[in-house]
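Number of protein chains: 2
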Amino acid sequence: MMMKNILHIVIFLVVAHSADGQALVSPSGQLKAHFALTDNGEPTYRLEFKGREVIKPSKLGLELTGNTQKVEFSAEGEQNNRQEVHSLYDQFKVVDLQRSAFDETWQPVWGETKDIRSHYNELALTLEQNHTARRLVIRFRLFDDGLGFRYEFPEQRNLTYLVINEEKTEFAMAGDHTAFWIPGDYDTQEYDYTESRLSEIRGLMQQAITPNASQTPFSPTGVQTALMLKTDDGLYINIHEAALINYACMHLNLDDTAFVFQSWLTPDANGTKGNLQTPATSPWRTIMVSDDARDILASNITLNLNEPSKIADPSWIKPTKYVGVWWEMITGKSEWSYTYELPSVHLGITDYGRVKPHGRHGATTDNVKRYIDFAAEHGFDGVLVEGWNVGWEDWFGNAKDYVFDFVTPYPDFDLTGIRDYAERKGVKMIMHHETSASVRNYERHLDTAYRFMKEHGYDAVKSGYVGDIIPRGEYHYSQWINNHYLYAVEKAAEYRIMVNAHEAVRPTGLSRTWPNLIATESARGTEYQAFGGSKANHVTVLPFTRLIGGPMDFTPGIFEMDISKLNPNNTSHVNATLANQLALYVTMYSPLQMAADLPEHYERFRDAFQFIKEVALDWDDSKYLEAEPGQYVTIARKGKDSGNWFVGNVSGEDGHISRIDFSFLDPGKTYTATVYADAVDAHYKTNPQAYIIRKIEVTSDSALEQKAAPGGGYAISIVEQTP
Amino acid sequence: MMMKNILHIVIFLVVAHSADGQALVSPSGQLKAHFALTDNGEPTYRLEFKGREVIKPSKLGLELTGNTQKVEFSAEGEQNNRQEVHSLYDQFKVVDLQRSAFDETWQPVWGETKDIRSHYNELALTLEQNHTARRLVIRFRLFDDGLGFRYEFPEQRNLTYLVINEEKTEFAMAGDHTAFWIPGDYDTQEYDYTESRLSEIRGLMQQAITPNASQTPFSPTGVQTALMLKTDDGLYINIHEAALINYACMHLNLDDTAFVFQSWLTPDANGTKGNLQTPATSPWRTIMVSDDARDILASNITLNLNEPSKIADPSWIKPTKYVGVWWEMITGKSEWSYTYELPSVHLGITDYGRVKPHGRHGATTDNVKRYIDFAAEHGFDGVLVEGWNVGWEDWFGNAKDYVFDFVTPYPDFDLTGIRDYAERKGVKMIMHHETSASVRNYERHLDTAYRFMKEHGYDAVKSGYVGDIIPRGEYHYSQWINNHYLYAVEKAAEYRIMVNAHEAVRPTGLSRTWPNLIATESARGTEYQAFGGSKANHVTVLPFTRLIGGPMDFTPGIFEMDISKLNPNNTSHVNATLANQLALYVTMYSPLQMAADLPEHYERFRDAFQFIKEVALDWDDSKYLEAEPGQYVTIARKGKDSGNWFVGNVSGEDGHISRIDFSFLDPGKTYTATVYADAVDAHYKTNPQAYIIRKIEVTSDSALEQKAAPGGGYAISIVEQTP
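Protein sequence lines correspond, in order, to chains A and B.
Take the first sequence: its letters are residues 1 to 723, numbered as in the UniProt record's numbering.
Take the second sequence: its letters are residues 1 to 723, numbered as in the UniProt record's numbering.
Treat the hints as calculated values from the structure; they're not laboratory data.
Heads up, some of the hints might be wrong.
Within a straight-line C-alpha distance of at most 27 Å, the following computed DSS-like cross-link-like pairs (lysine-lysine) qualify [unchecked claim]:
1) A:LYS454 - B:LYS491
2) A:LYS114 - A:LYS640
3) B:LYS491 - A:LYS491
4) A:LYS491 - B:LYS454
Pairwise CB distance ranges (calculated) [what the hints assert, rightly or not]:
5) B:GLU152 - A:GLU377: 54 to 60 Å
6) B:GLU152 - A:VAL407: 29 to 35 Å
7) B:ASN40 - A:ARG451: 51 to 57 Å
8) A:VAL407 - B:LYS50: 54 to 60 Å
9) A:GLU200 - B:ASN483: 55 to 61 Å
10) A:ILE349 - B:THR38: 32 to 38 Å
11) B:ARG496 - A:GLU494: 54 to 60 Å
All C-beta atoms in this analysis are idealised placements derived from N, C-alpha and C, irrespective of residue type, glycine included.
Start from the sequences and build out the full structure, keeping to the hints where you can.
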């Protein structure tokens, strides 16, 4: 149920073309945007924060491409002669201008806070191109914490079908800022972040492009959004997009002499970058800015620029804490596959009853029941099982079209027996649909697969898109494939299924509209800690980048950092302390949280595990206590419909001394805080499992100084004392 | 029900590598094939007909392409190092050889004859590549009327997933033959045929490439199959393929100095030409040959190289004669669309109730009922209606993804009322699914669309794929899109739906396996007579080319040749006489036959129309009386389960004097033959509607000399006289 408290004031002003352009001021006045046309009729904008330049004058517009269609010679001799003017970025004049103000507080189905305020001033400019009479609307929404703008293509006789050659939106930086970036890539987002000056990106690109299952980098200065930037004078700037619907995902390509980013869309198989039919809109381009990094974390611009929920009754959408048969395969302790005997699998033909199992299959009935028992004992909502269905012997890297059928279990996975067992234990099974990026195959099976889920009591699915996309030539972030991800989510909503998509396009706040999209991966997750490791500061960057778009199924909670103990052939080390892993349940906001490690590892550290069991999944409030990208993030959150608070701090390579107070607590009440912290000699590399748990009494007047080790952190659960 | 009379003798011979190669002789001995390896281990074959060289020594094999997949760095450090030897055409030795003979007579669900004999000798060679140990089987089947061979890729450790760069099958001609060819093209087959020497193809190519809705020619000497050839010494050679399943459609590219054709597959969006997983097979490559052109028409090689029917109970598959709301749109007399008011259509959003109809919509309830009345009066089985469903305002040429939903009628098309009306009149409605080549959209809606059909009593669908393929970059004849066509047919079989696909890949005998694929278009059909016209000899070539693969929905039966009488803006002339149009129901074999012209035109020529009403759709026997590609075709067919015979002759630009006898009739019986012939002064251009109908008495001893005008022909119905 979402109740709205709307104050919506619309002021209509029709203004003639002003040579001086138009200014737009944020509600508090701290942000100012300015729109103007150049002498050549090119739209430009700039942005100031408290009088300081954030975005220097930057051009706006799109370049279209030629008519890709052939002409049919019909009886009528009718030839559809298309508009062949490709520029949609110059020769414009302003023909209409509308200003409005908007102030609404809305309630998300799940979220970091119970209420979200959307408060902005809006300027919508209708431009007309002199020589073509084509109209383009650019709509600006200026919040106190940032700017959103988008292109709108009204229905009009002279512009019906657009083929985009490139969007030419500029973000002109005021200097050689520090950036937290990953390489621009059409197929993967799973890179470690590099912190560098803008001028250093080119030199660092090659080493930043680490191998991936599917990857297509495109430029030595191309980076992905959300891009986090910091200026030398202490401004924090974040560039991303919101409401990526029926459009190609945007990258940013840097002119590293002028420090100007330009949008770089993900192409389709034919090299063009999108097809639109008017009326249409681009996604919102967002620029958050503040002189306090915490404001970036607190910003709700991305959600506010998305449409309200389309799910009338969201009662079936439930934040979920889960365990799963997963980490043992990721580490190589067990396997997704069932046998080594098959050169390849022909679904429907291959007879698994006649092959010898290799004995390393993870998703066996007995093993799954062990996880169900563990989940039931410790109060987890669900159990994910990967590798339950036939096809994993050759699922990856073969560009195989019919790779999975999503309904046929391996012989040693007793689907109905497990289903009944889980039901008796009060645990929900979570479905797994790896598609191997064979998108047509998935769509062909989607209805059957979703029906199969519901028939067997599964309410949530983790989907995966590993490998190169089929249809061939498309990319993970092309318009056409982005449409698939949303199609899968919308169809899931019809079935009342929650979706957790992996390797899908990075989120842009669509969970507001489709709250059954409870999480996505779309970044370098915990699995990389078993693939050689991630940087110790990775989790201090993600809240400023990947999480700007929405929750991530990061799968935290690794307690055993030496992966060779699980698999002697895997020398990976998890670059985090155990306390850091606990803190992630607070710092990495998601309504879907996994306890990713093996049950036996949690059994070894039952006192620490207690935090994972206790921590809430959904929140009435969040306080961003400390934040510096790449160094530390400290967040306090209040559990939904409870007085309990949870605090998490994660720290980077240098560790951190945290100084926080508890003023967020209710005055006059006394709480017991259980602090799960790094031991003094803890270190992510050399001593990651050294932690201390202590209980302290706190009130809203209390303060705390707490040291976090390198790659460390701490977690606090705060419960009101009962008199 | 298909009863089989199988004589299957398998002779196993394991033979060491023979430097002299291996010979294979057809059952009668008139055809001899020979297989050998070159010194470099390249497989070659050649073919002789009665001692005359048909195919000179020609190489066989495939070129693979590199590993298109990336390597995932997994915990195990496992890297799937692919075989990077691209040649699968040399360094082979023969390691196994099997010979067998096969003689079977089977009964098609529908066909030109009641029984079809499949009689051949087979040679299967297992080759092993010296440096890779990869195995390839080449299987030859030699019939008395031609050779079929294919590649087989057995399951093996060294060859699991293949990416094809090109198939390198050669067809080396013995001279500068005359060819009946259309330009090789990845997206259209709808060209007029050119008759020329092989050496003239290059010079004639440009003018042969006439405009089409979607077209991608690829080479100045590229042509399509079925390719009909004639040698100077009177041999007729036909090259095509059979059983095109999970493979790219083959073109032929000519080396026009050596007169060697090489296979040229249709690429995928990424430029490669197919992905296979072993075990796999290529389609059959077929070479028919005879010194009598009639044998090419009579050959059943294409069907015999396909698998038996997979439809256990085909009782619901019914040959169908139909009329339709179609020609009036093709000519421009009426339109598919409903309104001119919409710049574009947004399905589900556009409200057709609020727009002004243009008044030229063809698929109105009243007009459809007129066709139903006409069908009922004259004994037609079905009525096709195009333009019944919303979306036609911008259906074409816009690369529009969500272009049709296949279930929503226009406001002036009363679907249920029409359904009930047709049912009362005993007429079946035929569904129309234009996809605009938006293949994903069609697949997304396929189940719903088929279910909708069955709910409303539709048992057959005409599907269409006009325009460039979506997903972008794929072609109409790519492996991946070929898979779609078959997917649609197989799914239709589940629903007991008959399919008539237009613009789909040319047929290769798959109707044997899926007899619900009752026809396809896949060539230049009658519609082009309203798009400026086709060559007068076109219908004398099609039986030697397009029809080799299976029946065509050619939509004959045009009685009004002056299209300006239907639409003053259309100056097209139908290049055929009326008698020629009648003959097509016999010469263009199809279990699906349309009477394409308007009811009012048939009313004007009711005596001639009688032939269309009477002619059978399914046959117990067929006799190929006269044949010369480009000049004339004369065929007699005996109606299924009746003693009635029908004869058709079509003639080309020069006309023809036909000399036939009736020895096919039962001896001792007397028949009345009704001859529908060109009048003496008939001419396709100047006097096309001049015909004479006469009745004569014939027996099996009778003979007939009958003149056909230029672009003319004649049709005869033969009914036994009752004493």
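Check your understanding: If you check each hint against the structure, which ones fail?
Key -> Numbers 9, 11 - these are the hints that the structure violates, sorted from lowest upward.
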